[in-house]
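**Q** Those protein sequences? They're chains L and F, same order as listed. So in our numbering the end of the first sequence lands on 235, straight run, no missing numbers. So in our numbering the end of the second sequence lands on 783, straight run, no missing numbers.
Bear in mind the hints are in silico, worked out from the structure with no lab data behind them. If you're wondering where the values come from, they're calculated on a predicted model, not measured in any experiment.
Some but not every residue of chain F turned toward chain L, in silico, with C-beta under 8 Å: (1) L633; (2) D642; (3) L737.
Derived BS3-like pairs (lysine-lysine); straight-line CA-CA distance at most 27 Å: (4) L/K77 x L/K204; (5) L/K12 x L/K37; (6) F/K656 x L/K77; (7) F/K750 x F/K760; (8) F/K771 x F/K760; (9) F/K771 x L/K5; (10) L/K37 x F/K750; (11) F/K656 x F/K621; (12) L/K37 x F/K760; (13) L/K5 x F/K760; (14) L/K37 x F/K771; (15) L/K5 x L/K37; (16) L/K77 x F/K621.
Far from chain F by the CB rule (all over 12 Å, computed), these chain L residues: (17) H145; (18) T149; (19) D152; (20) Y153; (21) P164; (22) R191; (23) P193; (24) G195; (25) K204; (26) E208; (27) G209; (28) I233; (29) P235.
Don't be surprised by glycine CBs; every beta carbon is placed ideally from N, CA and C.
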Amino acid sequence: MNTKSGWQTAYDKILDEGRKRIPPPTVEQVEALGAGRLSEDEAEKVREALAYYPELLRVMTEPLPDDPGSVVTDEEIASGLAALKRRIARERSPQPSRRRRVGRVLARAAVVAVVVGGGAVAYKVMNRHEGTAVILSADGQLSAVRGGGQTPHQLSTGTDYVLRPAFRPDRPHDSYRLELFDISGGAPRSVETWSRVERAPDGSFPIEMSTKGYAEGRYQLVLYGVDESAVPLATYTIRLIAP
Amino acid sequence: MADDDPRFTALYKYYPGVLALLRRLGFPPDESQDLAQEIYLRVHRSMKDYRGEAHWAYLEQTVRRVAFNWIRDKHAAKRHAETVSTDVLLTLPDERLLPADESIDRAATAESLYDAIAELPLNDRTILLLQLGGASYEDLRKTLGLSLSAVKSRLNVARERLKELMSREPRQREE
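Just chain F, same shape as in the assembly:
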């Protein structure tokens, strides 16, 4: 039985790490416990496929996949049914939302920022939104498949374009 299986027993000692990662990801305590148990049950059911190596790496991948699907399911449910707001997750602190460029006016109105960002070319908009969403340079490097210097350079270009759009009069932007 899997519970007597030393491979599974060995995984129990990583429970604190699993729980801590879920909490770090923004899941509230009750939901973290529920998810942690779901993760272990899933591992328990698939012990026949597990070779007993790299305990933590195996659990970590399962944690990230289960958490990802959990959040994705909530988004998908909202899209399909315009149902309840279940955004229990990941409200990012304001300071992470500000690009490190003091020259872009922090006091700019939300509307003008929205218009300017929406007008950016896709690549610029994507990198800027990813950074606004909290992605670090390293995250951007991996996600965009670029070198660190290319990430910085592309961010600079995006900010310059944004600055330029912001500096135009509304009518000019519409044209």
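So here's chain L without its partners, still in its complex pose:
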């Protein structure tokens, strides 16, 4: 039974059509609109774009909750703050000296050579990260994102991994982001994101990923190049199975 009203259906269709024609406005444009810094022509374009992206307008206008406690639980706040403090502490831990960095680069270059030769064990030993290291090769065509890639990389649930999705971008981007989608069910569902991932000297984008807490199934990791907006660069299909 179709429970959607005619309004909702028409509205969805209009938004869908509009979004194909008009890109979302930037935050700078919307702020400039709010501050009255745009010419009437520019303002009209931004307003029209906002009409097709109401969630962006809502982000800028939604009032603050009077009482945060009515929206989030104390447990969420406590666990979030604890994780945040850990991340801040990690971020402010001293960077390795230049000499050590050079050494690490050389070591990783050697590691790549070893891996190519089939010495995966040596690779794991020399890698500084904890967890099982896995090199991911891209699915191929980006069109594979929708339907799932080719042969999936098989990983185990309940395991700590260092994933090294390998990809050579056509051009450098300001930053890179990886996002994991659960594609087992109907619509893909974003389940984890790694922002500001750095490209390692071996050409991979290493991330630490624990599959503890993830169910068996099919997942897709998407690598984005982020400049003014994020552009998907490569996808990696992963199948999680019980060990």
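Mind docking chain F on chain L? Use the hints.
**A** Chain F in isolation, oriented as in the chain L frame:
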């Protein structure tokens, strides 16, 4: 170090507010936590530019900007690659989608509504779509740079035009 910086330490106490705002914006719990942490890390990295004033106003602006770009990135990614549907956000309740005008037939078919809205002049279409998208009068006032009475008046005009288009036969509308 920034973590020992009392300016940054003072920002920790706003974490519940940051998280609550993200949740209110429709982000699911896990994503809200991730975004909240991204926001604080960003603030942490730019402490040298922060004068330590207006803690919440400073955080709020960062929250809105990061959330905006997060959603925008998803849209941009979809546009560029026809990639996965990641619309985790902001499904608006049906009642917000109905203009407050009972005289426009609620039972009208989606197709005729679509055609009529698409036919409206740009200004009418924009204000109507913004309202359908959940914008309040106050949001419309700010976004359109109009007075409250002008917003109401323009909405009335848009609805009247829509009503007129809806009342025509399909063939008349095509002409």
